[in-house]
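Kindly generate the complete structure, drawing on both the sequences and the hints.
Below, each chain spelled out in residue letters.
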Amino acid sequence: MDSNVASSEYWVGETNYSYLNTRVRAMESKLFKNDIYIKLLNMEVSQIARFLGEGNYKEEIESLSRTYRGVELIEHSINTNLGNSYHKLLKMSGEKAVKYAFAILTRWDIHNIISILRGKYSNATDYEIEKTLIPIGEIPFNFILSLVKIYSYEDVLRRLKKLDKFDFLDETKDIADIESELFKMYFKNTLDNFKKEKKSLFFKFIRTEIDIINIKNIMRMRRYGFAFDEEQKNIIEGGLFISIDDLSSLLRSSGDDFLKEMKKTPYGPIIEMHWQEKTLFYLEESLEKYLMKYAKEQFIGDPFTIMHVLHYIISKKIEVENIRKISRGKASNIEKKIIEDSLVI
Amino acid sequence: MMAELAVIVVVLSAAASVILTGLAAAWAEKHIGSAAIGAMTEKEELFSKGLVLTVIPETIVIFGLTVSLVLLFVVLPQLL
Chain A
955 MDSNVASSEY WVGETNYSYL NTRVRAMESK LFKNDIYIKL LNMEVSQIAR
1005 FLGEGNYKEE IESLSRTYRG VELIEHSINT NLGNSYHKLL KMSGEKAVKY
1055 AFAILTRWDI HNIISILRGK YSNATDYEIE KTLIPIGEIP FNFILSLVKI
1105 YSYEDVLRRL KKLDKFDFLD ETKDIADIES ELFKMYFKNT LDNFKKEKKS
1155 LFFKFIRTEI DIINIKNIMR MRRYGFAFDE EQKNIIEGGL FISIDDLSSL
1205 LRSSGDDFLK EMKKTPYGPI IEMHWQEKTL FYLEESLEKY LMKYAKEQFI
1255 GDPFTIMHVL HYIISKKIEV ENIRKISRGK ASNIEKKIIE DSLVI
Chain B
18 MMAELAVIVV VLSAAASVIL TGLAAAWAEK HIGSAAIGAM TEKEELFSKG
68 LVLTVIPETI VIFGLTVSLV LLFVVLPQLL
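Sequence order for the protein chains is A and B. In terms of my numbering, the numbers along the first sequence are unbroken and rise by one, the last being 1299. In terms of my numbering, the numbers along the second sequence are unbroken and rise by one, the last being 97.
Bear in mind the hints are in silico, worked out from the structure with no lab data behind them. Cβ atoms here follow ideal geometry from the backbone N, Cα and C, with glycine treated the same way. Watch out, some of these pointers could steer you wrong.
To be verified - Chain B side only, calculated, beta carbon under 7 Å to chain A, not exhaustive:
#	residue
1	His48
2	Ser51
3	Ala52
4	Gly55
5	Ala56
6	Glu59
7	Lys60
8	Gln95
Okay, here's the thing in structure tokens:
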């Protein structure tokens, strides 16, 4: 199968910014406002599902309510809705969306592939793996689903290798190596696609994302130890504020020096706030929040650009993630304050 | 000779004011119309607002037509 099978269907026509951006603004006006999340926080899981079924998620909730219940119904519905929204958006975006579509869709392909590989590696059932998949991506979703049916981790990788863009994969490597190779491939290709537009906001966003992934990896390696080859594997080239050399010295620096260096970047206050915590969970979550807020604030601009589409893509992702956090948190009886703090609002 | 030239200028100006405002209105309506359809696709209730906004550029043509009529029926008779 050719890896570009799905890509051609999206960008057939010329981009009509007047139509596109107004439609996107209208779509965006339907997204949940901050007060809705507070309302959802006071509801039970079944009430959340009912609330979603009466609004923007009606179609998905209705079609999936025969198969799923409770949190699973919410999860599947929001995932399907996210996929439908992105596909709709890319179809109406026209030719100007090509580069962005590659970056956005391939990211979801990687998410789905990693979910399948992790599932196969840990002997999860097909049903459990399918629950984690999001029906978005450049690769047709039927192909992704067919990977779930494949028996072993190695066979999934062998099947993936037949696609042009994943021919570098090696089934003898373990899951951590494959994950880092997939991310490196994704960021390298994306940065290459935008190398002529180094000042573009999207290019900066991707580089900020690289910084955040690198900081997460560095923090994990600093805390749990590392070998030289792990450093090579885990660090991604192309960050906005932190270069590969900086990362290497940050990894080996003392706690004070590390903090001092990080304070020179916009991530300093976040790292300082979580510095004393025993777990890295809240730090990682805050960094993710920073990235989402950064993108949401940046992707606003000239109405005759694709920025509004990117703004919607990020805003929709934030909405879906917030609903996911609320419903999962509610189902696991997590304190309301903790769920609220984790939301991007 | 000068009077003939003035007549030609007035007639051409009258034509240009209609043609140019017509083109400008068309350009504006193209964008407003596209935007209105985009908004209506997502929110049907925006139909009436979209329709009103789409015809607003027509006023530019009315200005052009007025200028043209003034040129043809007020300025031109004085030159003849």
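Next on the checklist: Run through the hints listed earlier and report the numbers of any the structure violates, in increasing order.
Outcome noted: 8
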